[in-house]
Amino acid sequence: MFVFPRGLVHFENNADENDPAVAISAFESANAGTVSLPKTLFATNTDNDILAKSFKTNVATVQALKSGLAFK
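Residue numbers (the numbering used here): 1 to 72.
Hints were generated in silico from the structure; no laboratory data involved. Cβ atoms here follow ideal geometry from the backbone N, Cα and C, with glycine treated the same way. Just to be clear, a hint being listed does not mean it is correct.
Distance windows between CB atoms, simulated [said to hold, decoys possible]:
| no. | residue 1 | residue 2 | range |
| --- | --- | --- | --- |
| 1 | Val22 | Ser67 | 35 to 45 Å |
| 2 | Pro20 | Asp47 | 31 to 41 Å |
| 3 | Val22 | Ala60 | 34 to 44 Å |
| 4 | Leu69 | His10 | 19 to 29 Å |
| 5 | Leu69 | Phe11 | 14 to 24 Å |
| 6 | Ala23 | Lys56 | 17 to 27 Å |
| 7 | Phe11 | Asn48 | 38 to 48 Å |
Mimicking DSS-like on lysine-lysine, the simulated pairs with C-alpha atoms at most 27 Å apart in a straight line are [said to hold, decoys possible]:
| no. | residue 1 | residue 2 |
| --- | --- | --- |
| 8 | Lys66 | Lys39 |
| 9 | Lys56 | Lys66 |
| 10 | Lys53 | Lys66 |
| 11 | Lys56 | Lys39 |
| 12 | Lys39 | Lys53 |
Just need the whole structure built from these sequences, with the hints factored in.
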């Protein structure tokens, strides 16, 4: 079992296609809301090197992604 804290960007992956996984989710309200991942990831003060390593890319790609997004 793993509990994802509110606002934590995450994903799940079942590495064993022969052993089905079960996921159960619950939210604290009927309106759980949504999070815009581009803004959550790229409109922060997270270092470009960290983002590049996280996405297995390079800093130039991270900078190109940031420049292509209009933040307000």
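Taking the Cβ atom of Val22 and the Cβ atom of Ser67, is their distance within the range 35 to 45 Å? 41 Å, holds
Given a hint of 17 to 27 Å, does the C-beta separation of Ala23 and Lys56 actually sit inside it? The hinted range 17 to 27 Å holds for Ala23 and Lys56, with Cβ atoms some 25 Å apart.
Holds or violated: Lys56 and Lys66, Cα atoms, limit 27 Å. Status holds; Cα separation ~16 Å.
Regarding the pair Lys66 and Lys39, is the alpha-carbon distance no greater than 27 Å? 9 Å, holds
Taken at face value, is the distance from the CA of Lys39 to the CA of Lys56 at most 27 Å? Distance ~19 Å between Lys56 and Lys39 Cα, so the pair holds.
Could you say whether the range 19 to 29 Å given as a hint is met by the Cβ separation of Leu69 and His10? 21 Å, holds
Satisfaction of the hinted span 38 to 48 Å by the C-beta atoms belonging to Phe11 and Asn48: 22 Å, violated
Checking one constraint from the list: CA of Lys39 to CA of Lys53, max 27 Å. Satisfied? This hinted pair holds, its Cα atoms lying about 18 Å apart.
Would the hint linking Lys53 and Lys66 be met if the CA-CA limit is 27 Å? 15 Å, holds
Should the hint that Pro20 and Asp47 are 31 to 41 Å apart at their CB atoms be regarded as holding? 38 Å, holds
Val22 and Ala60, beta-carbon distance inside 34 to 44 Å? 41 Å, holds
Holds or violated: 14 to 24 Å for the Cβ distance of Leu69 and Phe11? Since Leu69 and Phe11 have Cβ atoms about 20 Å apart, the given range 14 to 24 Å holds.
Hint compliance for this structure: hint 7 is the single one not met.
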